[in-house]
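A.B. asks: The primary structure of each chain is shown beneath.
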Amino acid sequence: MAIDTSVRPQTETGRSTADFQSTTLDANAPVGPIETRWDTHRFNMKLVNPANKRKYTIIMVGSGLAGGSAAASLAELGYNVKCFCYQDSPRRAHSIAAQGGINAAKNYRNDGDSIYRLFYDTVKGGDFRSRESNVYRLSQISVNIIDQCVAQGVPFAREYGGMLDNRSFGGAQVSRTFYARGQTGQQLLLGAYQALERQIGLGTVKMYPRTEMLDVVVIDGKAQGIVTRDMVTGKVESHAGDAVVLATGGYGNVFYLSTNAKGCNVTASWRAHRRGAFFANPCYTQIHPTCIPVSGDHQSKLTLMSESLRNDGRIWIPVRKGDARSPDQIPEAERDYYLERKYPSFGNLVPRDVASRNAKEVCDEGRGVGPGGLGVYLDFADAIKRLGAKVVRERYGNLFDMYERITGENPYEVPMRIYPAIHYTMGGLWVDYNLQSTIPGLYVIGEANFSDHGANRLGASALMQGLADGYFVLPYTIGDYLANLGPSKVTTAHTAFAEVEAEVNERTRRLLSINGKRTVDSFHRELGHIMWDYCGMARNDAGLKQALNRIPELRAEFWENVKVPGDGAELNQSLEKAGRVADFLELGELMCLDALHRTESCGGHFREESQTPEGEALRDDEHFAYVAAWQFKGVDRPPTLHREPLNFEYVHLTQRSYK
Amino acid sequence: MATALTLYRTTIGKKAVMAVSGLILVGFVVFHMIGNLKIYLGAQHYNDYAAGLRTFGGPFLGNSQFLWLARVVLLVAVGWHIVAAIQLTRLSQTSRPTRYAQKKVTVSYASRTMRWGGVIVLLFIIYHILHFTIGAVGYTPGQYQEGDVYQNVVRGFSVWYVSIFYIAAMIALGFHLYHGVWSMFQTLGVNTSRTTRALHTLAAVVAGAVVLGNISIPLAVLAGVVR
Amino acid sequence: MNLTLHVWRQKNAATQGAFVKYDARDISPDMSFLEMLDVINEELILKGEQPIAFDHDCREGICGTCGLMINGIAHGPQRATTTCQLHMRHFKDGDTVYIEPWRAHAFPIIKDLVVDRGAFDRIIQAGGFVSVSTGSAPEANALPVPKVSADLAMDAAACIGCGACVAACPNSSAMLFTGSLIAHLARLPQGQPERYERVVNMVEVMDKEGFGGCTNIGECSSACPKEISMDVIAWMNRDLLRATIAKGKQGSQ
Ligand SMILES: Cc1cc2nc3c(=O)[nH]c(=O)nc-3n(C[C@H](O)[C@H](O)[C@H](O)COP(=O)(O)OP(=O)(O)OC[C@H]3O[C@@H](n4cnc5c(N)ncnc54)[C@H](O)[C@@H]3O)c2cc1C
Ligand code: HEM
Ligand code: HEM
Ligand code: SF4
Ligand code: F3S
Ligand code: FES
Chain A
1 MAIDTSVRPQ TETGRSTADF QSTTLDANAP VGPIETRWDT HRFNMKLVNP ANKRKYTIIM
61 VGSGLAGGSA AASLAELGYN VKCFCYQDSP RRAHSIAAQG GINAAKNYRN DGDSIYRLFY
121 DTVKGGDFRS RESNVYRLSQ ISVNIIDQCV AQGVPFAREY GGMLDNRSFG GAQVSRTFYA
181 RGQTGQQLLL GAYQALERQI GLGTVKMYPR TEMLDVVVID GKAQGIVTRD MVTGKVESHA
241 GDAVVLATGG YGNVFYLSTN AKGCNVTASW RAHRRGAFFA NPCYTQIHPT CIPVSGDHQS
301 KLTLMSESLR NDGRIWIPVR KGDARSPDQI PEAERDYYLE RKYPSFGNLV PRDVASRNAK
361 EVCDEGRGVG PGGLGVYLDF ADAIKRLGAK VVRERYGNLF DMYERITGEN PYEVPMRIYP
421 AIHYTMGGLW VDYNLQSTIP GLYVIGEANF SDHGANRLGA SALMQGLADG YFVLPYTIGD
481 YLANLGPSKV TTAHTAFAEV EAEVNERTRR LLSINGKRTV DSFHRELGHI MWDYCGMARN
541 DAGLKQALNR IPELRAEFWE NVKVPGDGAE LNQSLEKAGR VADFLELGEL MCLDALHRTE
601 SCGGHFREES QTPEGEALRD DEHFAYVAAW QFKGVDRPPT LHREPLNFEY VHLTQRSYK
Chain B
1 MATALTLYRT TIGKKAVMAV SGLILVGFVV FHMIGNLKIY LGAQHYNDYA AGLRTFGGPF
61 LGNSQFLWLA RVVLLVAVGW HIVAAIQLTR LSQTSRPTRY AQKKVTVSYA SRTMRWGGVI
121 VLLFIIYHIL HFTIGAVGYT PGQYQEGDVY QNVVRGFSVW YVSIFYIAAM IALGFHLYHG
181 VWSMFQTLGV NTSRTTRALH TLAAVVAGAV VLGNISIPLA VLAGVVR
Chain C
1 MNLTLHVWRQ KNAATQGAFV KYDARDISPD MSFLEMLDVI NEELILKGEQ PIAFDHDCRE
61 GICGTCGLMI NGIAHGPQRA TTTCQLHMRH FKDGDTVYIE PWRAHAFPII KDLVVDRGAF
121 DRIIQAGGFV SVSTGSAPEA NALPVPKVSA DLAMDAAACI GCGACVAACP NSSAMLFTGS
181 LIAHLARLPQ GQPERYERVV NMVEVMDKEG FGGCTNIGEC SSACPKEISM DVIAWMNRDL
241 LRATIAKGKQ GSQ
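Line order of the protein sequences matches chains A, B and C. Residue numbering for the first sequence is 1 to 659, as defined by our numbering. Residue numbering for the second sequence is 1 to 227, as defined by our numbering. Residue numbering for the third sequence is 1 to 253, as defined by our numbering.
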């Protein structure tokens, strides 16, 4: 597939959707000293007169940390909000699964943390592929998030003095992570959920659970509404609004096996992409090093265990290949604590991508443990000696229980077995500094946007970003857009809605009428294998090209041979899956394309052709210090690449090294 | 008053009524059991005690006035207790229209016998009053002597099946109290995870004492120890 | 291993449901219960039949979406475990397994094993929150919270809203769910200002939704995947009584 990169003169907004002549995108990032950019920007933004706010309707797709917090905050400001989620309750969004914690530059530990350091760590951790202005704003806001959540009654861990406790987390050398046992995401989400329910009770938010968004409606280049399917009755409906916000989470499920929930999907983002929203850095996916290994083909999802486990657990494998002895039979001398050996200063706390790749390496060498040799030990014997079982139970009790429940092994006695799994997607719909996509009026927040994490996300930073977007960024920036526009007159009576509804119905009809010989899951599994093998932890030219041949074939077969039972006018879980997999089959191709074009290695994107002698990711800043934002040109037609150049005025480009 | 009514409208309020009325009833049963044991001190003592119940509170209260007071309190308590019980039972039936094909009990059975146990206790009380207080049942004509409580009890329990009925009723009551007494504290919000065990023991002790204390009497009569 | 399943099938709320028998062949003990159902469904689809509809999402025991009555026990035989985390190694070859949906007037069946738990959200709407609008929060460490309070609050806050308590309760009472929220917020200083108003409003809605009254049986707590203790129920009872007394006082003043 060739990549078309036609040139056009810079537009001042960088938002025009109609036709693109430019290869460079403008992020609308304010200039001036980085410390004051957000303040200046907020001051320059137009405000909506409080009395007029209720005249605006905002459509919020998603009720996770990002969507829930945004919907509640916007409603508190006085806007009408319509909020959608596919689960039966907003409380179940996958944010709930986050275990480890949330970062904030509070410096409660007096260990040298600061807004600037969090900013610095995030840019560096993201391997210099994120936007400085956004990251700095994120660090600034991080402190307000903790205040807000504590006030909501989020039961963060405390010290005996009654003050908030912190721990150090994946790659950070300061303790800036706030946590609530092993259920931080759950507690933060419940906080946002409760704020949301409060507004629902007040009638300022109308909640639509079990309702899936199937398309965006763009009128005169502006996002003016969405088309949804009621997952209980199958009713396809239109909703009009002054702006549409996507907070629909990540697309890790393109790999079939991931730590995402079964329902996580790319449909909302992908439909918007097809309507003109650029998709940025799709190939930036994060592999999480501490997941429970696969036990068989029946595996339906992978379970992550918070990497906080790496704070006290030691990772090792037998020195000898194919050493079949049980771990307790292997003497110290014949164990290889490979992370501690290779990275003395960080040891087991190296960033996720480094830890993951090293695990893959040793397993490829044939030194892996457990079924299929796809696993390494995470050993708590020393920690239990050092801290005592009680402390270990206090810190990790629920994770240990979870592990035992799934594997039937007791980690207090035998070392855990872990293996990397797809966990997070840094890529997503491209947004400017205001979190607005290339479709005016279409905003994207949380994991769904291409986010502030560059090529790799630091642990405990996604919760921070989701809540920053939802509580403290979007409520300001969307106001600017609305104030400039005035309340829109568009209603669902507009022909555009009827047209999109027709398309949606047609697609459903098609899926139901194929009546082929393969189930949706079998296609999803196969796609997952292709993605994992060729676009997973390590990627290379040949593999990606092969994937780019196989995915379109698989997609073609899907549309001829998939079997979707039942009809559209009822709860039909196969139909739901089919629609999602159909979109994954298009996304997968774009991911491989992006991975192929980015011949450098950076963060979560590791190109075997581009590595240091020690096997570290080797960036090519000269050619790739940009965000790759892809414009949809039609299925089976090459997308257009647009570049947002990244310049680093504060954090100076250096090769990441965790030696 | 208004707030009390709103409270009673809630399920928790109804439950609180059960707890309070239950508390009164438990108090009575315990007190009554102790009184009953006086039978071992002989006819004189026992009859005086029964008589004492009637003259209690004098000279301020006239004859039997205190007793009537107590009876009113008890009647109101049982009445409330039963009304609330029936309301909660009805509610629980409507709140699950279709039953499970399979449903396992994973915790104490005593809690499941509250309703039937209660009904049995109620029937017992009715019979019991007709029996000992009024002498309308369980006696051959002329056997029941108003005032000679001691003999009434002895003659009453000499009929083996009456004794069996009493003993059965006491066991039903025991179950009711075993769950009830703990449950009372839970309902009134006195219970915490730290006190749960202690309260369960207390309940067991109260229930055990009432059952054993009471059962011992018909047994003693049948065994001829008390005659 | 092989099992015989009796699964409740019901097209929708309007129609009558019934059990249908299915044979589960060569099930691996490492499968989760839901993965076992996945296998059955794949076969059904290829046979051109309707797959069994059941709710699930995270499949790691935290979202609270899944929930089945398995042989008469909510979430199945293993304690402190959601249906999605229950593994087949807890069953024996040849076992017969009855699979039913949560049954309660307040949880109408949508299809097969899928029920509508919207009543839980409405209970929260009635007051299950701290009214603190975005931006109005004070500095997080301005108000110290004793570690014990924070830990006790966390114990109650662990509730995942799965509904097993209601499903398991002989009275279909939602006291454990509601109590866990009440206790979570009442155990923190942040929850104090609205404490009594909250309990009154939430209990009112809880009753209105048609859940039964609690008679302290305790099946809820024993079915709860997060082992929420019954003392949250005592806590809620106490707070409601206190709220009433307080109101009464105001009235008489
Ligand atoms: C197992 C796990 C552990 C993690 N641990 C941590 C951690 O310790 N720290 C950290 O910072 N981050 C962690 N993360 C990452 C973090 O949890 C997520 O990135 C973040 O919560 C995403 O929040 P979100 O609001 O953007 O999306 P989500 O929480 O996924 O919400 C998506 C919402 O969109 C809705 N939705 C999706 N598609 C549609 C559609 N088509 N129509 C209608 N609605 C739709 C869903 O119903 C849902 O409400 C973890 C992630 C996982 C999977
Ligand atoms: C074997 C055990 C018991 C014995 C021997 C016993 C004996 C008596 C006697 C002799 C009387 C009549 C007292 C009088 O007329 O002065 C009486 C009255 C009564 N008993 Fe019992 N009793 C027993 C158990 C119980 C129990 C378990 C209950 C309640 C659950 C109960 C409830 C009553 C009541 C309500 C009265 C009527 C009191 C009144 O209004 O005069 N008794 N009992
Ligand atoms: C004099 C005899 C009785 C005593 C001492 C007694 C005592 C109690 C007590 C202490 C409780 C616990 C209240 C709570 O849980 O807070 C209780 C509950 C109950 N009682 Fe009784 N009761 C008696 C008679 C009855 C009767 C006659 C009925 C008739 C229906 C009855 C039915 C119930 C029921 C249904 C409960 C509910 C279970 C519960 O709340 O835990 N009881 N009783
Ligand atoms: S209390 Fe337990 S059983 Fe009830 S909803 Fe919460 S987690 Fe589920
Ligand atoms: S089982 Fe039911 S009766 Fe109460 S204690 Fe639990 S809610
Ligand atoms: S599916 Fe999320 S708890 Fe079971």
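No wet-lab data here; the hints were simulated from the structure. No residue lacks a Cβ here, since even glycine has one placed at the ideal position from N, Cα and C. Among the clues, some could well be false.
Claimed, not checked - Sample of chain B residues with no beta-carbon within 12 Å of chain C, all distances over it, derived:
(1) G13
(2) S158
(3) T196
Stated by the list, open to error - Ranges between beta-carbon positions, derived for each pair:
(4) Y8/B / L202/A: 25 to 33 Å
(5) R197/B / G161/A: 25 to 33 Å
(6) T491/A / K11/C: 50 to 58 Å
A.B. asks: Hint by hint, note whether the structure agrees.
C.D. replies: Tested hints:
1. G13: violated (8 Å)
2. S158: holds (39 Å)
3. T196: violated (7 Å)
4. Y8/B / L202/A: 25 to 33 Å: holds (29 Å)
5. R197/B / G161/A: 25 to 33 Å: About 32 Å separates the Cβ atoms of R197/B and G161/A, which means 25 to 33 Å holds.
6. T491/A / K11/C: 50 to 58 Å: Hint violated: Cβ distance 35 Å, outside 50 to 58 Å.
In summary, the structure is inconsistent with hints 1, 3 and 6 from the numbered list given earlier, while agreeing with the others.
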